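Novice: Sequence:
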Amino acid sequence: MEVVVVTGASSGVGRASALAFARAGASLVLVSRSEPALREVAAECRAFGAPVRVVPADVTRAESLAPVVDAFGRVDVWVHTAAVMAYGRFEDVPAEVFDQVVTTDLLGAANVARVALAHFRRQRAGTLIFGGSLLGTVVTPYTSSYVTSKWGLRALVRALRLETRDAPGIQVCLVSPGAVDTPIYRNAANFAGRIGRPPPPIDTPEKVAAAIVRCARRPRATMTVGLANRLIQFGFVATPALYDVLVGPLMRVAGLSREPVEPHEGNVFAPTPPAAEAVRGGRKRPWAAPTGAAVAGLALAGAITARRHLSR
Numbered sequence: 001m002e003v004v005v006v007t008g009a010s011s012g013v014g015r016a017s018a019l020a021f022a023r024a025g026a027s028l029v030l031v032s033r034s035e036p037a038l039r040e041v042a043a044e045c046r047a048f049g050a051p052v053r054v055v056p057a058d059v060t061r062a063e064s065l066a067p068v069v070d071a072f073g074r075v076d077v078w079v080h081t082a083a084v085m086a087y088g089r090f091e092d093v094p095a096e097v098f099d100q101v102v103t104t105d106l107l108g109a110a111n112v113a114r115v116a117l118a119h120f121r122r123q124r125a126g127t128l129i130f131g132g133s134l135l136g137t138v139v140t141p142y143t144s145s146y147v148t149s150k151w152g153l154r155a156l157v158r159a160l161r162l163e164t165r166d167a168p169g170i171q172v173c174l175v176s177p178g179a180v181d182t183p184i185y186r187n188a189a190n191f192a193g194r195i196g197r198p199p200p201p202i203d204t205p206e207k208v209a210a211a212i213v214r215c216a217r218r219p220r221a222t223m224t225v226g227l228a229n230r231l232i233q234f235g236f237v238a239t240p241a242l243y244d245v246l247v248g249p250l251m252r253v254a255g256l257s258r259e260p261v262e263p264h265e266g267n268v269f270a271p272t273p274p275a276a277e278a279v280r281g282g283r284k285r286p287w288a289a290p291t292g293a294a295v296a297g298l299a300l301a302g303a304i305t306a307r308r309h310l311s312r
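With the first letter of the sequence shown counted as 1, position 222 gets the number 222 in the working numbering; the numbers rise by one all the way through.
By construction, these hints were calculated from the structure, which means they are not laboratory data. Because the structure is a prediction, the values reported are computed rather than measured. Don't take each hint at face value.
[To be verified] Capping the alpha-carbon separation at 25 Å, the derived lysine to any residue pairs in SDA-like fashion look like this:
hint, residue 1, residue 2
1, LYS207, GLU2
2, LYS207, ALA278
3, LYS207, PHE48
4, LYS207, SER64
5, LYS207, VAL225
[Stated by the list, open to error] Now the in silico label distances, taken between C-beta atoms and shown as ranges:
hint, residue 1, residue 2, range
6, PRO67, LEU227, 37 to 45 Å
7, ALA62, GLU163, 28 to 36 Å
8, ARG124, GLY193, 47 to 55 Å
9, MET1, ALA43, 17 to 25 Å
10, ALA66, ARG23, 39 to 47 Å
11, ALA110, ARG220, 39 to 47 Å
12, PRO273, ALA118, 18 to 26 Å
13, GLU262, THR222, 13 to 21 Å
14, GLN233, ALA43, 34 to 42 Å
15, PRO273, LEU162, 39 to 47 Å
16, ALA159, GLU44, 33 to 41 Å
17, ARG217, ARG124, 15 to 23 Å
All C-beta atoms, glycine included, are put in the ideal place defined by N, C-alpha and C.
Build out the structure end to end from the sequences listed, making use of the hints.
Specialist: Next up, the structure:
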């Protein structure tokens, strides 16, 4: 029975991944800052017959990750999805909040990589899967700290793949979804005045978790999950001027809700109560599907129009 570690297992894609691996018969080590939420997830995983260990840890503190490897004595797959987020213009987000998002999302991933790769080197095998993001390949306003972290994570993963070419049994992978219906948007720090939401088209955490399980079975360097990802990436690279004109208004309409909110630090420095931790964030798929198709269609039409204009 393979042993799978999931860091960021208390909510969202991490929680969905833990449940997916439990259904597949894996032994699980669940890691996050919130022990009460982890115990809820552990109970859900044990209902599928999975052996489970709970390790409360903060990925920003490398020493707290030491007990993870000892939980079952080995690790075959390590899935890292822990992340926090902050909304607001760069100059409106307090420096300490910006820095903590980068510390958690990028340096926390580096801490995980150090522990995981050291163990994989000893056993000469192992698969390390990072949860990336479409925002590691494109840029949106009002999410500067998160975007900075995810671009850095993509570079880190590429470097790790290069540096483990001498160890054929070690695989380093990146699974990058677009917008996903998770609690991260509502739990994020916010200095934008309106609560964030995933812009359409929106995928479920279960869909991303299924991709992560497939990646664990047949490792791939990179995987993308999301109907419009390639199209958005194309627009970002091929028609940057048009992208820059459209992304701000689209973000204000689709990426920020109409629900007002006072400035707050969200879960950047401390975990949210267990009631705020879940697999899904509560978005309604009927709204997401047609709106997402419309956004993707408009983006494609704009890109084609721009390219025709430039080619004249």
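Novice: Hint by hint, say whether it matches the structure.
Specialist: The hints, checked one at a time:
This hinted pair checks out: LYS207 and GLU2 have alpha carbons roughly 22 Å apart, not beyond 25 Å. For a cut-off of 25 Å, the pair hint linking LYS207 to ALA278 stands: about 15 Å separates their Cα positions. Restraint check: the Cα-Cα separation between LYS207 and PHE48 comes to about 19 Å, which is no more than 25 Å; the hinted pair holds. Taken as a hint, the LYS207 and SER64 pair is broken in the structure, with Cα atoms around 30 Å apart against an allowance of 25 Å.
Proposed proximity of LYS207 and VAL225 is supported: the alpha carbons are some 8 Å apart, at most 25 Å. Between PRO67 and LEU227 the CB atoms are about 40 Å apart, so this pair conforms to the stated range of 37 to 45 Å. A hinted range of 28 to 36 Å for the beta carbons of ALA62 and GLU163 is inconsistent with their spacing of about 19 Å. The supplied range of 47 to 55 Å is met by ARG124 and GLY193, whose beta-carbon atoms lie about 52 Å from each other.
In this structure the hint that MET1 and ALA43 lie 17 to 25 Å apart at CB holds, the actual value being about 19 Å. Checked against the given bound of 39 to 47 Å, the beta carbons of ALA66 and ARG23, roughly 29 Å apart, lie outside it. For ALA110 and ARG220, the hinted distance range of 39 to 47 Å is not satisfied, since their beta carbons lie about 22 Å from each other. For the hinted restraint 18 to 26 Å between PRO273 and ALA118, the CB-CB distance of approximately 34 Å leaves it violated.
For GLU262 and THR222, the Cβ-Cβ distance of about 39 Å falls outside the hinted range of 13 to 21 Å, so the restraint is violated. At about 39 Å, the beta-carbon gap between GLN233 and ALA43 stays in the expected band of 34 to 42 Å. With their beta carbons about 41 Å apart, PRO273 and LEU162 fall inside the hinted range of 39 to 47 Å. With their beta carbons about 35 Å apart, ALA159 and GLU44 fall inside the hinted range of 33 to 41 Å.
At roughly 19 Å, the beta-carbon separation of ARG217 and ARG124 lies within the given 15 to 23 Å, and the hint holds.
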